[in-house]
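> In case you want the letters, here they are:
2 protein chains.
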Amino acid sequence: MPAYDDLIRRWKEAAILSSCGSVLGWDERTYMPRNGSAHRAEQMALIAKMCHQMTTDPKVGQLLAQAEKAKPDEMQAANLREIRRSYDRAVKLPSDLVEEIARVTTQAQQVWTDARANSDFAKFRPWLEKIVALKRREAEAVGFKKHPYDALLDEFEPGATTEEIRSLFADLAKDLTPLVAAILSSGKKPNREILHREFPVPSQEFFGRMAADKIGFDFQAGRLDVTTHPFCSGIGPGDCRITTRYNPKHFNESFFGVLHESGHAIYEQNLPAEHFGTPLGTAASLGIHESQSRLWENQVGRSRPFWEHFFPLAANTFPQTLAGVSLDDFMFAINDVQASFIRVEADEATYNLHIILRFEMEQALLTGDLKVADVPAVWNERFGKLFGITPPNDAQGCLQDIHWSFGGLGYFPTYTLGNLYAAQFMEQARKDLSGSQLDADFRAGKFERLKKWLNEKIHHLGQHYRAKVLCERITGKTLSHRPFVEYLKAKFGPLFGIPA
Amino acid sequence: MPAYDDLIRRWKEAAILSSCGSVLGWDERTYMPRNGSAHRAEQMALIAKMCHQMTTDPKVGQLLAQAEKAKPDEMQAANLREIRRSYDRAVKLPSDLVEEIARVTTQAQQVWTDARANSDFAKFRPWLEKIVALKRREAEAVGFKKHPYDALLDEFEPGATTEEIRSLFADLAKDLTPLVAAILSSGKKPNREILHREFPVPSQEFFGRMAADKIGFDFQAGRLDVTTHPFCSGIGPGDCRITTRYNPKHFNESFFGVLHESGHAIYEQNLPAEHFGTPLGTAASLGIHESQSRLWENQVGRSRPFWEHFFPLAANTFPQTLAGVSLDDFMFAINDVQASFIRVEADEATYNLHIILRFEMEQALLTGDLKVADVPAVWNERFGKLFGITPPNDAQGCLQDIHWSFGGLGYFPTYTLGNLYAAQFMEQARKDLSGSQLDADFRAGKFERLKKWLNEKIHHLGQHYRAKVLCERITGKTLSHRPFVEYLKAKFGPLFGIPA
Numbered sequence: 009m010p011a012y013d014d015l016i017r018r019w020k021e022a023a024i025l026s027s028c029g030s031v032l033g034w035d036e037r038t039y040m041p042r043n044g045s046a047h048r049a050e051q052m053a054l055i056a057k058m059c060h061q062m063t064t065d066p067k068v069g070q071l072l073a074q075a076e077k078a079k080p081d082e083m084q085a086a087n088l089r090e091i092r093r094s095y096d097r098a099v100k101l102p103s104d105l106v107e108e109i110a111r112v113t114t115q116a117q118q119v120w121t122d123a124r125a126n127s128d129f130a131k132f133r134p135w136l137e138k139i140v141a142l143k144r145r146e147a148e149a150v151g152f153k154k155h156p157y158d159a160l161l162d163e164f165e166p167g168a169t170t171e172e173i174r175s176l177f178a179d180l181a182k183d184l185t186p187l188v189a190a191i192l193s194s195g196k197k198p199n200r201e202i203l204h205r206e207f208p209v210p211s212q213e214f215f216g217r218m219a220a221d222k223i224g225f226d227f228q229a230g231r232l233d234v235t236t237h238p239f240c241s242g243i244g245p246g247d248c249r250i251t252t253r254y255n256p257k258h259f260n261e262s263f264f265g266v267l268h269e270s271g272h273a274i275y276e277q278n279l280p281a282e283h284f285g286t287p288l289g290t291a292a293s294l295g296i297h298e299s300q301s302r303l304w305e306n307q308v309g310r311s312r313p314f315w316e317h318f319f320p321l322a323a324n325t326f327p328q329t330l331a332g333v334s335l336d337d338f339m340f341a342i343n344d345v346q347a348s349f350i351r352v353e354a355d356e357a358t359y360n361l362h363i364i365l366r367f368e369m370e371q372a373l374l375t376g377d378l379k380v381a382d383v384p385a386v387w388n389e390r391f392g393k394l395f396g397i398t399p400p401n402d403a404q405g406c407l408q409d410i411h412w413s414f415g416g417l418g419y420f421p422t423y424t425l426g427n428l429y430a431a432q433f434m435e436q437a438r439k440d441l442s443g444s445q446l447d448a449d450f451r452a453g454k455f456e457r458l459k460k461w462l463n464e465k466i467h468h469l470g471q472h473y474r475a476k477v478l479c480e481r482i483t484g485k486t487l488s489h490r491p492f493v494e495y496l497k498a499k500f501g502p503l504f505g506i507p508a
Numbered sequence: 009m010p011a012y013d014d015l016i017r018r019w020k021e022a023a024i025l026s027s028c029g030s031v032l033g034w035d036e037r038t039y040m041p042r043n044g045s046a047h048r049a050e051q052m053a054l055i056a057k058m059c060h061q062m063t064t065d066p067k068v069g070q071l072l073a074q075a076e077k078a079k080p081d082e083m084q085a086a087n088l089r090e091i092r093r094s095y096d097r098a099v100k101l102p103s104d105l106v107e108e109i110a111r112v113t114t115q116a117q118q119v120w121t122d123a124r125a126n127s128d129f130a131k132f133r134p135w136l137e138k139i140v141a142l143k144r145r146e147a148e149a150v151g152f153k154k155h156p157y158d159a160l161l162d163e164f165e166p167g168a169t170t171e172e173i174r175s176l177f178a179d180l181a182k183d184l185t186p187l188v189a190a191i192l193s194s195g196k197k198p199n200r201e202i203l204h205r206e207f208p209v210p211s212q213e214f215f216g217r218m219a220a221d222k223i224g225f226d227f228q229a230g231r232l233d234v235t236t237h238p239f240c241s242g243i244g245p246g247d248c249r250i251t252t253r254y255n256p257k258h259f260n261e262s263f264f265g266v267l268h269e270s271g272h273a274i275y276e277q278n279l280p281a282e283h284f285g286t287p288l289g290t291a292a293s294l295g296i297h298e299s300q301s302r303l304w305e306n307q308v309g310r311s312r313p314f315w316e317h318f319f320p321l322a323a324n325t326f327p328q329t330l331a332g333v334s335l336d337d338f339m340f341a342i343n344d345v346q347a348s349f350i351r352v353e354a355d356e357a358t359y360n361l362h363i364i365l366r367f368e369m370e371q372a373l374l375t376g377d378l379k380v381a382d383v384p385a386v387w388n389e390r391f392g393k394l395f396g397i398t399p400p401n402d403a404q405g406c407l408q409d410i411h412w413s414f415g416g417l418g419y420f421p422t423y424t425l426g427n428l429y430a431a432q433f434m435e436q437a438r439k440d441l442s443g444s445q446l447d448a449d450f451r452a453g454k455f456e457r458l459k460k461w462l463n464e465k466i467h468h469l470g471q472h473y474r475a476k477v478l479c480e481r482i483t484g485k486t487l488s489h490r491p492f493v494e495y496l497k498a499k500f501g502p503l504f505g506i507p508a
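Protein chains in written order, with my numbering: chain A, 9 to 508; chain B, 9 to 508.
Hints in this document: simulated from the structure, not taken from any laboratory.
Predicted model, so just to flag it, every value in this text is computed and none were measured.
Just so you know, even glycine gets a beta-carbon here, dropped at the ideal spot from N, CA and C.
A couple of the hints might just be wrong.
Stated by the list, open to error - Heads up, simulated DSSO-like pairs for lysine-lysine below, C-alpha to C-alpha not over 27 Å straight-line:
1) B:Lys57 x B:Lys222
2) A:Lys57 x B:Lys439
3) A:Lys57 x B:Lys57
As the list claims (entries may be wrong) - Interface residues of chain A toward chain B, partial, derived using beta-carbon atoms under 10 Å:
4) Ile24
5) Trp34
6) Arg42
7) Ala46
8) His47
9) Ile55
10) Asp226
11) Ala229
12) Asp233
13) Val234
14) His237
15) Tyr419
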């Protein structure tokens with residue numbers, strides 16, 4: 009099957025070049041000297057341009073068509089399916105639109121940074137207007153059946169539709185809103201101060217590295233470094249790097265961040281190396297990726313069995329800080345629920361309400377039902393309805409996230425999909441591996457059986473199946489809000505004294 | 009002049025891509041996780057292949073020919089001269105030869121590492137035979153007037169010839185041999201133990217960074233990291249990185265290494281950014297590059313005025329270690345001269361004898377007058393004549409350097425050229441800026457005037473002039489061994505009590 013092989017060779021070559029850009033991106037956010045940024049931008053732009061040329065080469069289209077006709081086997085068919093999706097999307101976008109989006113979003117990110125710092129929406133507004141218009145053009149160029157938002161969503165969550173996510177999120181909101189209300193009116197509050205004592209950075213680093221190592225992050229095939237906005241960067245086989253930032257007065261920021269990024273990295277580190285650069289060697293979707301980070305961060309990392317192992321170690325690592333703190337106090341503190349303005353600091357119960365707000369507003373922006381000028385007012389009004397509090401300014405409201413400034417409309421829903429997938433996968437893992445035995449594993453600081461299950465069920469498959477199908481294959485069911493809601497009720501019910 | 013502009017655009021683009029490889033190379037030697045090496049090799053090979061394609065594209069040849077005919081101005085002519093040299097060299101090499109050299113030297117470096125570790129020349133011998141044969145083919149493909157060695161030399165030191173270097177080195181050896189003999193038989197020896205006491209690594213790091221900063225390394229446009237074999241990597245405008253390794257029981261290793269790499273970096277950091285990616289934005293030659301590292305390491309960094317400023321700071325930084333050590337003791341210890349086996353550990357007086365040995369053997373290998381099988385015996389015999397001692401094994405003899413294993417025949421002479429250029433430049437700087445005032449600067453920890461002189465005379469010019477011409481323009485004379493020999497006599501005469 010020479011057309012297929014030649015296609016794959018070309019696709020892999022573009023991926024290797026793109027992975028050079030990943031090293032440069034990692035370096036830019038960790039070690040690059042300050043004055044290197046202008047040259048770095050030129051390097052990144054050149055690599056992006058060359059990768060785009062390589063993957064949209066008409067020869068690729070010819071080979072793809074030939075390969076599709078040549079009776080591919082199941083694995084090949086999966087590769088061809090996703091290469092087709094990427095290729096069609098890429099060639100449908102006129103190059104002037106691609107360049108315009110790149111140019112505008114590069115500048116818009118700078119404007120957004122300043123606008124957020126000064127809580128000055130008026131400054132960002134014309135840029136957001138441009139971006140929404142450009143993304144609408146993008147959606148039209150890509151094409152869609154029902155909703156222009158589908159065309160954007162598809163970039164991050166292949167095959168997902170606005171309609172099904174809307175219905176899923178509606179179900180979720182219906183259960184979530186009364187649960188959150190019950191928690192907030194329970195009158196119970198943990199002693200949050202525990203987590204804001206002195207946590208010396210070197211001890212945090214030691215403790216975070218130990219936990220990452222124990223859950224299965226491979227330090228022979230990765231690194232942990234410090235950055236401003238933590239991320240995980242999968243460079244290629246044997247090299248996936250995570251980052252964190254340390255706040256000496258807040259335990260959660262680095263520790264749960266490290267678990268989160270480790271979850272992403274464990275996925276990347278266990279993709280099949282032989283398929284690197286092809287869909288079979290690539291994560292299924294952003295939603296599935298996020299399920300892996302949230303699973304380790306929350307489902308595992310905020311569970312009692314996990315802390316039955318780690319709390320004594322934490323007490324040894326931070327002896328003065330945690331003197332006299334009980335496991336119960338600690339568990340309650342790390343599982344606090346409260347209405348708050350900032351998405352990235354939100355707890356498990358309220359987090360998805362932040363996403364639902366953004367998901368709704370993005371759709372309305374795209375159809376034109378919501379004008380950019382009305383974003384702050386609409387944000388604050390809906391936020392008030394969802395959380396019962398109103399952002400004191402736009403920096404803590406509609407300006408808080410970077411996503412719109414880089415043109416990432418359609419990205420937010422994958423965060424909630426990740427939470428739902430994580431709960432549904434974990435429910436299944438507890439069936440397949442016995443929940444009580446998993447708890448016993450965690451209590452003993454052992455995570456290998458769960459990791460192996462995730463490797464086999466998810467990581468090793470790459471994009472063999474789309475997210476939706478993958479979920480059905482693993483759990484026997486389509487994705488539902490129920491496992492997540494059940495999980496929240498089981499956890500927060502006892503903590504806040506809410507009757508089942 | 010559209011042909012010229014298009015040519016420059018293409019040449020710069022290849023340089024930007026190549027500079028991505030520089031980031032990857034730096035990362036590989038500093039932070040890359042162990043398991044990332046196989047993927048890194050693929051990334052590096054792809055970038056090398058693409059850069060080669062871009063710079064040997066027939067379109068480049070056409071544009072070059074057009075631009076040459078179109079009355080270039082002086083700056084353009086300099087760019088065209090060096091692009092012509094690189095292009096002709098690249099297109100003359102058959103691609104199977106290029107690939108074969110890449111393949112063989114990649115493996116040979118691994119073999120060499122093991123062979124050196126076990127002092128097992130027999131293991132390395134077949135690889136060296138292959139490499140010599142390949143480099144002979146390379147020399148023939150490139151072409152040469154008198155000596156095949158010219159063709160190899162030209163890659164590192166554009167325009168230099170074997171004949172002129174041979175004559176220069178012969179003059180040097182004639183003066184150096186009696187000087188070294190007089191020093192070694194002087195009966196005077198410093199207390200070397202001073203430098204082998206406990207030098208805590210964090211204090212070494214602090215002290216090295218302070219010195220690098222004071223002499224003019226710009227930490228906003230560069231970094232200092234730890235590696236196994238220290239190097240300097242110029243990535244692009246605003247980004248040049250140096251590395252070091254710390255030996256807690258030896259002061260010299262890191263400190264003089266940092267000065268050395270800072271010298272290279274100060275050159276890179278002060279190349280004209282607007283000419284990045286063209287010859288006018290590139291260092292003149294390896295010899296001139298080495299002159300900058302040796303100038304700061306030795307001419308400045310081992311001088312008494314330098315240490316009149318730094319020794320009190322060293323005494324503060326290493327209070328117990330240097331307690332009771334006088335500046336005189338310290339100066340003598342860092343300027344010790346002795347016959348030794350290892351080139352990279354050699355002092356200023358004996359260093360060039362190591363280079364002369366290699367230079368002679370490389371020429372003989374290339375002509376076939378020396379068989380690879382005879383290398384160990386010939387090395388030891390000539391070494392005995394030069395130094396009066398015989399290497400106890402090949403690891404400390406002919407296997408000590410990595411250069412042959414990567415195919416770098418023709419590279420060694422640039423080290424001695426660097427020493428000679430450094431002395432001749434410094435002699436001129438002392439005339440232009442007043443030597444006594446420069447000494448006063450150094451005593452006050454000020455190096456800006458010297459750095460500015462180097463910026464203007466050398467760094468800002470890139471490859472505007474070839475090394476030889478540059479030297480004549482700066483010093484009014486062709487390169488000579490005399491300033492270097494005078495410098496050595498002036499320094500070592502008093503230390504070892506040798507009459508002038």
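> Does each hint fit the structure? Answer for all of them.
Hints, one by one, checked against the model:
As the CA atoms of Lys57 of chain B and Lys222 of chain B are separated by approximately 40 Å, the hinted pair breaks the 27 Å bound. About 51 Å separates the Cα atoms of Lys57 of chain A and Lys439 of chain B, which puts this hinted pair outside 27 Å; it is violated. With a C-alpha separation of about 17 Å, the suggested pair Lys57 of chain A and Lys57 of chain B falls inside the 27 Å cut-off, and the hint holds. The restraint placing Ile24 of chain A at the interface with chain B holds, with a minimum CB-CB distance near 5 Å, inside the 10 Å limit.
Taking 10 Å as the C-beta cut-off, the interface hint given for Trp34 of chain A holds, the closest approach to chain B being about 8 Å. At about 5 Å, the closest approach between the beta carbon of Arg42 of chain A and any beta carbon in chain B falls short of 10 Å, and the interface hint on this residue holds. Below 10 Å, beta-carbon pairs count as interface contacts, and Ala46 of chain A has one with chain B at about 6 Å; its hint therefore holds. Nearest Cβ of chain B to the Cβ of His47 of chain A: about 4 Å, under the 10 Å cut. The hint holds.
With a cut of 10 Å, the hint placing Ile55 of chain A at the interface with chain B holds, because the nearest CB-to-CB distance is about 6 Å. Because the closest C-beta pair between Asp226 of chain A and chain B is about 7 Å apart, less than 10 Å, the hint holds. Nearest Cβ of chain B to the Cβ of Ala229 of chain A: about 4 Å, under the 10 Å cut. The hint holds. Taking 10 Å as the C-beta contact cut-off toward chain B, the hint placing Asp233 of chain A at the interface holds, the least distance being around 8 Å.
Checking Val234 of chain A against chain B: minimum C-beta separation of about 12 Å lies over 10 Å; hint violated. Hint status for His237 of chain A relative to chain B: violated, with the closest Cβ pair at about 19 Å, above 10 Å. Residue-level restraint check for Tyr419 of chain A is violated (minimum Cβ-Cβ distance to chain B is 27 Å; threshold 10 Å).
In summary, the numbered hints that this structure violates are 1, 2, 13, 14 and 15.
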